[in-house]
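In terms of the working numbering, the first sequence opens at residue 2 and continues consecutively.
For the record, the hints were derived by calculation from the structure and aren't laboratory data.
Note that CB positions come from ideal geometry on N, CA and C, so glycine has one too.
A hint or two may mislead.
Said to hold, decoys possible - Label-pair ranges, simulated between beta-carbon atoms:
1) Ala180 <-> Glu394: 55 to 61 Å
2) Leu752 <-> Ile533: 49 to 55 Å
3) Gln772 <-> Asn32: 55 to 61 Å
4) Gly619 <-> Glu298: 47 to 53 Å
5) Asn466 <-> Asp410: 42 to 48 Å
6) Ser654 <-> Val30: 54 to 60 Å
7) Ser474 <-> Ala180: 26 to 32 Å
8) Leu769 <-> Asp727: 33 to 39 Å
9) Val739 <-> His614: 36 to 42 Å
10) Gly418 <-> Ser370: 31 to 37 Å
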Amino acid sequence: MQIMSNDYNPHNIQNQTAAQLFAKPKLNVANKKYILAMFPYPSGQFHMGHARCYTLADTMSKYYRTRGFNVFSPMGWDAFGLPAENAAIKHNKHPKDWTDGNIKQMREQFDMLGLHFDWDHELKTCDPEYYRWQQWLFIKLYEKGLAYRKNATVNWDPVDQTVLANEQVIDGKGWRSGAPVERKEINQWFLKITNYADALLDECEHLTHWPEQVVTMQKNWIGKSKGVDITFSIIGLDATCQVYTTRADTLLGAQALVLAPTHPICEAVSKTNPKIAQALTQLSQSGVSEAEIEAGEKLGVAIGLTALCPISKREIPVYAGNYVLMDYGHGAVIMVPAHCDRDYAFAKRYQIPVIPVVDNGKEHDYSQSAMTETGTLINSAQLTGLSSQEAIEEIAKTLAASQQGQAKDQYRLRDWGISRQRYWGCPIPIIYCDNCGIVPESEANLPVTLPTNITFSDSSKMLANNPDFVNTSCPKCHQPAKRETDTFDTFFDSSWYYARFLSPKESNDLIAPSVTDGLPVDLYIGGIEHAILHLLYARFIHHFMHDIGITPAKEPFKELLTQGMVLKDGSKMSKSKGNLVTPSELHKTYGADALRLFILFAAPPSQSLEWCHSGIEGMHRFLKKVSLYFSNKQPVSEGVTPKLWSDAQTILSKIEHDYEKRQLNTTVAGCMKLFNIIQQSPVRNTTIQKIEEIFFIALFPLAPHTSSFYWDGEKPLSETAWPKIDQEALQQQTRPIVVQVNGKRRGELNLNKECSESDIIHLAQETLSIQKHLEGKSIKRVIHIPGKLINIVVS
RNA sequence: GCCCGGGUGGCGGAAUUGGUAGACGCAAGGGACUUAAAAUCCCUCGAAGUUUACUUCGUGCCGGUUCGAGUCCGGCCCUGGGCACCA
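Assemble the whole structure, with the sequences as input and the hints as a guide.
Below, the structure written as structure tokens:
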């Protein structure tokens, strides 16, 4: 069948150009550009969020290829995780089979959508050859004293007898059983990220190519604060209780001590007092997420003890509160109703007096709210009259002298709990031996592989119930011993994958020494939802890898591009909300290039993109016009059009600027403008021909198939150099001078650049539209922005 | 509750960062071509005023700084993301 010249067939175009669009990865060479998009969880569903992220990455890769960089742009799979276990239970399918099937499906969609990643370096985190190095890393962390065990609070479903993820707790109830969730403490593995708190904070200053908002979020999350540790003695109990506060200046306004219900003092009381024991159990009914605790009602119970303030020597009651968790800080806080909103609400509920001890110099109605600002101390005995700052220092000094406290830097950041009571994850390479205690698996025995012969009876204990896995021998004394049966948090999997991508098949090292120069990642692209946790964990592990000498740079990601959400009906597209739009349907109708253009054009990359179906039509129409023009193009005639050439140069410089700023929505607009010049020109002369070349190169990263198909240059577009801007033509571009009177636009003047200020005013006075606003008034002031604007201020 | 964003025509957004508000596109309306439709092309398109001109108003709301504010400052409202076991 003959293809009509006005037919635009995107699939035909894609099929004919796809082969040439995969570029070979180039590693460890000068002028490298490591461009990485956050690897996907293989859910099997390639959704718009994926399409957006990977289109951005593929587009930037192609742009940098035309700029002469050696681009490395690998792709792989974040393949462990909860959904595979849920699917296993629901569909009776093994997580491995489910995951592998999904990877295959999603890989096909990558190709279908014309996303040309470097698949030679593909990896998946559930592959033992991948996770053996994670186990190796963990052992290194353990050897350096950065991995340890302690109790931590989890969501416990008392009916299903299982630990729940925060997202599995809905309105305080287990998602399957519907039973009220309880807090439970279990022993777990932690990584001492807090040892790196200062390093991670200090390096924030060097993240100059990260969005400021993300750096701010990271700093706030680490949350370094100066405060004071204070020791209270508990009256009638041979015990003390430590609290930490950043507002020691309010200490004399403290009306109570509030402890976590699982605090040792509470537990001691509950042993002899069943009534309080029951009240404490009540206080532990709710999930552990901060959002739930902070937004929920603050409840407490007096546990019948009093504590002695080491400064005022005053006795205050001791409460247990549902908003204090044992694993944060000391598990105890002072309650100062007058100067803390949360304490104020608590005090109102339990009729605790509100006594102001700080005055900020303004009237404040303490019957309505707390006053949280600093100021001068009042009602504070010997401290009265000091400023908040002086009081904090004085209190720290006094406490230190009597060994009842001290000034201390504190971090909001907590150590990273990495134990998960789940099957589908990387086994923790630890062995418990009756003789030797906790022993890491020997490196020679790595990887500790996840057994595949399991049954899905009870998801929290799948590994524990697998004797072949559990029973082993101690690497030290060779006596029978038992394996750790928890698996790692999947955030660990994604904290170092960017390093492994350099040499995923290397068997002697985590990174082959010959390619370590591939790090850091030059441009990292991913969703804003990862702004804190994933990026902080990855930075931490990278700092550690740097410290043990396996990565050259300190920081893993030089530049970060955080892509906004893809929203539909105002909220995040996700499977659980049932508002998915699949790219494959759109591809079927419009092809890969139209979909790419729409995704890029609809919003700037960093802003959220509200999905709307119309609009992709326009991209399709644009490509159709391009196709029609180039498949019926006229022969080139002699002659030049200087005005069009300088217009094109202005657009080109804007496109270049926008690519560098990652403002890809306006690069699309720029290409459309270039094409409008081409199409609207009455003749196809040599100027137009040159603009066509610029158009193809500029469009290539955005719509690679269509541009490649109609390109007839010597080399493929990916190897064709970016056009050099004709500075002279750019300079010739002139804009009229805007004339304002009293800040309002009253006209514009076309004049050459040499015009002086007085010449311009003269001309303005002669121009009718401007004249009438100047008549009968005297000029008080003139603001002149050369080449742009003149503002004449009149009385 | 705490931390970080966003709010501009009917819609998505632009404005080279304090200097012409609405680029580019979608939708809509009108016209051309066609037996007709689709496709394509051309024109109009923030609001108001007796309307190619001109004037006034207009970037969530209220106030401020400035010759000049979408952009900076203060205070609100609405909305999105994160809050440590979703990834």
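Right, here's what the structure says about each hint:
| no. | hint | verdict |
| --- | --- | --- |
| 1 | Ala180 <-> Glu394: 55 to 61 Å | 50 Å, violated |
| 2 | Leu752 <-> Ile533: 49 to 55 Å | 54 Å, holds |
| 3 | Gln772 <-> Asn32: 55 to 61 Å | 59 Å, holds |
| 4 | Gly619 <-> Glu298: 47 to 53 Å | 51 Å, holds |
| 5 | Asn466 <-> Asp410: 42 to 48 Å | 45 Å, holds |
| 6 | Ser654 <-> Val30: 54 to 60 Å | 29 Å, violated |
| 7 | Ser474 <-> Ala180: 26 to 32 Å | 40 Å, violated |
| 8 | Leu769 <-> Asp727: 33 to 39 Å | 37 Å, holds |
| 9 | Val739 <-> His614: 36 to 42 Å | 40 Å, holds |
| 10 | Gly418 <-> Ser370: 31 to 37 Å | 36 Å, holds |
Hint compliance for this structure: hints 1, 6, 7 are broken, all remaining hints hold.
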